[in-house]
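Work the whole structure out from these sequences, hints included.
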Amino acid sequence: MRDALRRDLRTIRWSAWLGWQMESNWTNPLLFLVYSIVKPVFGTFILVFMFVIILGDVATDPVLFSYMYVGNAFYMFVAQVMFGVAYVVQEDRERFKTLKQVYIAPISFFLYVVGRALSKMAVTALAVVITLVFGVMALDVAVDLGQTAWLMFGIGLFIGLACICTIGVALAGVTFLTARHSSGINEGIAGLFYLFCGVVYPITVLPQWAQNIGLAIPITYWLELMRRSLVPSMDFSEMSGLGEYSDLSILLFLTLSSMAFLILSIGIFKYADHLARKKGKLDMNSTY
Amino acid sequence: MRYAIEVDHVTRVFGGKGDKVHAKALDDISLQVDEGELFGLLGPNGAGKTTLIKILATLLLPSEGSVRVLGHDVVKEYNKIRARINMVSGGEISGYGLLTVRENLWMFSQFYGIPPKVARQRMDDLLERFGLLDKADAKVRTISTGQKQKMNVIRGFVTDPDLIYLDEPTLGLDVNASLAIRSFLRKWVKDTPGKTMLLTTHYMVEADELCDRVAIIDQGRILACDSPSNLKRMLKRATTFDIETTAFPGLDSMPSMDGLQGYNSKSVGDRALTRFVVNDEAVISEIISHISSKGGRIIALGKSEATLEDVFIHLVGRGLE
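For the protein sequence lines, the chains are Y and Z, in the order given. Each residue of the first sequence is one higher than the one before, starting from 1015 at the first, in the numbering used here. Each residue of the second sequence is one higher than the one before, starting from 57 at the first, in the numbering used here.
FYI, nobody ran anything at the bench for these hints, they're computed from the structure. For every residue, glycine included, the Cβ atom is placed at its ideal position computed from N, Cα and C. Some hints here could point you the wrong way.
What the hints assert, rightly or not - Straight-line alpha carbon distances no greater than 25 angstroms define the calculated SDA-like cross-link-like pairs of lysine to any residue that follow:
(1) Lys1114/Y with Ile1051/Y
(2) Lys1284/Y with Ser122/Z
(3) Lys1114/Y with His258/Z
(4) Lys1111/Y with Lys204/Z
(5) Lys136/Z with Leu1296/Y
Unchecked claim - Computed footprint of chain Z on chain Y, listed as stretches where at least three residues anywhere in the stretch have a Cβ under 8 angstroms from a Cβ of chain Z:
(6) 1036-1044
(7) 1103-1112
(8) 1116-1123
What the hints assert, rightly or not - Sample of chain Z residues facing chain Y (criterion: CB under 10 angstroms; computed from the structure):
(9) Arg68
(10) Phe70
(11) Lys136
(12) Arg138
(13) Ile141
(14) Tyr152
(15) Gln166
(16) Asn208
(17) Ile355
This is how it looks when you write it as structure tokens:
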């Protein structure tokens, strides 16, 4: 038991290290830092310009703007980590040709992918922090760290990131079986979450059936909890459609739906893994 | 004697009933490899060698039959197998280009739980043996193909596996790199009794030089399995002739003749080298007549010692390449 735990921690440690080397080592540190700052800030401009074009000024509706801004910032984790983690399989398989070697190593491939996800989370966390700091300093986003419920924020952040990571691993499993379409599938899933989970608009603007889908996905509760934790001075209850629930209830919904997604993700990964061995897909070459 | 590998009536089919591709890569094959043996799988491209290695390495499931590696079933007990095996594939050069040679090796050694001190010592020993010590801190993307393949061979051995699969380890490499790898393999087998190696190759010399036993495989079937010397003894009633001619049309399509078991032609510029395996030397005059009738001119003719390639020609009726 202790040996297995040690092996699993070792797997996560070294795959995270590998991921970090891949994420950060492609250029010199200065250029990496500039890229890390410029990319999220300019990405944010798209959202700000859209808001300004529609409503004239970010100050016109500060509650909606903060709702959008914080949601958009945290959605970076969904897009980058989920998409990036699934891409690990394709990259190892077809670019570096290392998938076979990693796969037959005496480690859990599931945890190997989790480790690779951690490095993507670290890089994305930097982008999220830069985006939020830019929002507070330049756009008056009402993040108030003095009033933040840190325990709630920490637990919610951890559960949400764990959930995103496991969904990513499930998509990595699907990538075992797919060729170049895998990136389309991953982008599609990320797009569905963008559509249904109240990222930049409240789910209340969606038809009821779409709201129901949104309410079944943990990302919806996670973004709500992040907003409530970081921007306690604003009341999002009217627009979010989740105003009737307390913070603890939202955390409970997040936990339960994340557990359901975790079980589903493990099942998808294991089934895809078995199918890949059965169909001989582990070393297919489709892109490079 | 315990078997390192037991393959029992294994068939592997790619593609289902409705799929466009439907191919039988392995067709009811059985073989056993003893612990401590250096076993070779010899066959042309597409013979099924790599498919068999993938099954043995737990990368692929057999469609039918059973496979046990180091006493464990490859379908159900793959976790027990993986800690004790490793694999090196030639032809496809793998590795994380952004990492250094040492970092690549280190990461894999840690996946196998090799204690850091032992891993470092082994890495240095192997890097030195392969003449890669001066490239240890170079990024993999900056080193040559031969050096990358040497790194991959080191990756396979740094975990000190009980059983290693080498799938065409010298494919596409220059003579020096191939010699270095062959020399290392020979030494490893000598220095580590009890460790097993399964080598697939379509280089006859490699199989002849390195292997205790060789299985000749073609179109998913094992045609013969024995030591190289015993396989060559199969040809004691057959004779091998090498005939050098000018190139002529129809070089690859000799008519069937009584006494001709098989042949293999290679074009070299405007000349052709053809090896004939015959069980009646009288047929040579008929072969020469045929060559002349097609406009070919005999430049040289010689009788030669049987090789594994001759065994292959004898069994299959054509050459390996």
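Outcome of the hint check:
Pair hint Lys1114/Y plus Ile1051/Y does not hold up; C-alpha atoms about 36 angstroms apart against a cutoff of 25 angstroms. Of the pairs offered as hints, the one joining Lys1284/Y and Ser122/Z holds, with about 22 angstroms between alpha carbons and a cut-off of 25 angstroms not exceeded. About 22 angstroms separates the Cα atoms of Lys1114/Y and His258/Z, which keeps this hinted pair within 25 angstroms; it holds. A threshold of 25 angstroms between alpha carbons decides the hint, and for Lys1111/Y with Lys204/Z the separation of about 12 angstroms falls inside it, so the pair holds.
Pair hint Lys136/Z plus Leu1296/Y holds up; C-alpha atoms about 20 angstroms apart against a cutoff of 25 angstroms. Taking a C-beta to C-beta cut-off of 8 angstroms, the segment 1036-1044 of chain Y contributes 3 residues in contact with chain Z, enough for the three needed, and the coverage statement holds. Counting residues of the segment 1103-1112 of chain Y whose CB lies closer than 8 angstroms to any CB of chain Z gives 3, which reaches the minimum of 3, so the coverage claim holds. Taking a C-beta to C-beta cut-off of 8 angstroms, the segment 1116-1123 of chain Y contributes 6 residues in contact with chain Z, enough for the three needed, and the coverage statement holds.
Using the Cβ-Cβ criterion of 10 angstroms, the hint placing Arg68/Z at the interface with chain Y is satisfied: the shortest such distance is roughly 8 angstroms. Taking 10 angstroms as the C-beta cut-off, the interface hint given for Phe70/Z holds, the closest approach to chain Y being about 6 angstroms. The interface hint given for Lys136/Z is met, as the beta carbon of that residue sits about 9 angstroms from the closest beta carbon of chain Y, less than 10 angstroms. Annotation: Arg138/Z was flagged as interfacial toward chain Y, and the flag holds, the nearest CB pair being 4 angstroms apart, inside 10 angstroms.
A hinted interface residue such as Ile141/Z counts as satisfied when its beta carbon comes closer than 10 angstroms to some beta carbon of chain Y; here the least separation is about 7 angstroms, so the hint holds. For the restraint placing Tyr152/Z at the interface with chain Y, the shortest Cβ-Cβ distance is roughly 5 angstroms, inside the 10 angstroms limit, so the hint holds. Look at Gln166/Z: its Cβ gets to within about 5 angstroms of chain Y, closer than 10 angstroms, so that hint holds up. Nearest Cβ of chain Y to the Cβ of Asn208/Z: about 8 angstroms, under the 10 angstroms cut. The hint holds.
Because the smallest distance between the Cβ of Ile355/Z and any Cβ of chain Y comes to about 43 angstroms, over 10 angstroms, the interface hint for this residue is violated.
Checked against the numbered hints listed earlier, the structure breaks hints 1, 17; every other hint is satisfied.
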